[in-house]
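Participant: Sequence:
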Amino acid sequence: MLIRVFNLIRPVILLCAGLFSSHLGFSQDLKIADSLLIKLNNESEIPDSIMYQWLLDISFNHSDIKIKLKYANQLQTLARQNGNNLWLYKGLYIEGVAQRLLGDLPSAINTFFECAKLAEVLGGKKRLGEVYDKLGNVYSVQGDHSNSVKYYNKAIVILREESDSLSLAAALMNAGDEYFNADKLDSALLLFAESGIIFKNVNYQIGNAYNLGNIGLVYAKQDKHNLAEANLFEASKILEESGDKYPVAVYDTYMADIYLQKGDLKRALYYATKSYDVSIELGLKEQIRDASLKLSELYQQNEDF
Numbered sequence: 309m310l311i312r313v314f315n316l317i318r319p320v321i322l323l324c325a326g327l328f329s330s331h332l333g334f335s336q337d338l339k340i341a342d343s344l345l346i347k348l349n350n351e352s353e354i355p356d357s358i359m360y361q362w363l364l365d366i367s368f369n370h371s372d373i374k375i376k377l378k379y380a381n382q383l384q385t386l387a388r389q390n391g392n393n394l395w396l397y398k399g400l401y402i403e404g405v406a407q408r409l410l411g412d413l414p415s416a417i418n419t420f421f422e423c424a425k426l427a428e429v430l431g432g433k434k435r436l437g438e439v440y441d442k443l444g445n446v447y448s449v450q451g452d453h454s455n456s457v458k459y460y461n462k463a464i465v466i467l468r469e470e471s472d473s474l475s476l477a478a479a480l481m482n483a484g485d486e487y488f489n490a491d492k493l494d495s496a497l498l499l500f501a502e503s504g505i506i507f508k509n510v511n512y513q514i515g516n517a518y519n520l521g522n523i524g525l526v527y528a529k530q531d532k533h534n535l536a537e538a539n540l541f542e543a544s545k546i547l548e549e550s551g552d553k554y555p556v557a558v559y560d561t562y563m564a565d566i567y568l569q570k571g572d573l574k575r576a577l578y579y580a581t582k583s584y585d586v587s588i589e590l591g592l593k594e595q596i597r598d599a600s601l602k603l604s605e606l607y608q609q610n611e612d613f
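For this note's numbering, count along the sequence shown from 1 and bump the result up by 308.
If you are wondering where the hints come from, they were derived from the structure by calculation, not from laboratory data.
Here the structure is a predicted model, which means the values were calculated and not measured.
Backbone N, C-alpha and C define an ideal beta-carbon position, used for all residues, glycine too.
Among the clues, some could well be false.
Below 30 Å or equal to it, Euclidean Cα-Cα: the simulated DSSO-like pairs (lysine-lysine) are [as the list claims (entries may be wrong)]:
(1) Lys508 x Lys574
(2) Lys458 x Lys425
(3) Lys545 x Lys532
(4) Lys532 x Lys570
(5) Lys492 x Lys593
(6) Lys378 x Lys339
Computed Cβ-Cβ distance ranges for the label pairs, DEER-style [to be verified]:
(7) Lys492 x Asn349: 44 to 50 Å
(8) Leu394 x Ser604: 32 to 38 Å
(9) Leu430 x Gln569: 47 to 53 Å
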């Protein structure tokens, strides 16, 4: 499984530029979330205008998905109380991202469709393009290739028209993931190449890290182990420095497989265990599943039944 950008763009969540003009991009920064949590707990009277941004920044940047969901819900509650559709949209968007990461795919779809309705009310196509990108992502995880391609293509068309380079890069990367899952590896690499050019042009290092990691996963699937290892190692280094553990948990299962192919069972077990521990810590169901399967394969290989 490739890493998709959550506008998270994001990918928000990731990128620090995407979604809300400077949010919902690619990767979270835990230091920002922790700093704001301290402020939130120590200050008694916080104006709503500031509280909106703090709740968004905490939910966007925190690596613990349940905490992300908690503060996204608080943001929605405040927005509903004040009848503020813009901040309600932002809170719903992050809630949808969190639900998808937790494996609650039906809820994520419902949340993103609610986001799409608000995006149309708010006007401007950029938000709608980003929501379609997320819907493509959730449908892909469900194995619904038809709807996934449908919404990714809608997102790419809109974002090209809007000339939003970072959100477009996220959509291109996520569409590349869908082609990866369909074993159309050459098409996946072409989309990653286009998104990679955008990230480099705007000097967006986190987005570039996701791109490197996804290219590494393609190389792993093509049995180009040395190229895969180099890309995944570089991507993980950048993402770990930013506190973004989710993609590293995915990359580590592939690193385990690479070392298994090289006959280095000890290092393979190290990476698979690392992936499993992080996935348990963050409550990432897909990654817990994948790391558990990889560990079982490795222990069987080692005759540790």
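Participant: Evaluate each hint against the coordinates.
Facilitator: Hints, one by one, checked against the model:
1. Lys508 x Lys574: 36 Å, violated
2. Lys458 x Lys425: Holds, at about 18 Å.
3. Lys545 x Lys532: With a Cα-Cα distance of about 20 Å, the restraint between lysine 545 and lysine 532 holds, given a limit of 30 Å.
4. Lys532 x Lys570: Since the Cα atoms of lysine 532 and lysine 570 sit roughly 11 Å apart, the hinted pair holds (cutoff 30 Å).
5. Lys492 x Lys593: 26 Å, holds
6. Lys378 x Lys339: The hint holds at about 18 Å.
7. Lys492 x Asn349: 44 to 50 Å: 49 Å, holds
8. Leu394 x Ser604: 32 to 38 Å: 47 Å, violated
9. Leu430 x Gln569: 47 to 53 Å: Check passed, 49 Å falls within 47 to 53 Å.
Comparing the model with each earlier hint shows violations of hints 1, 8; every other hint is respected.
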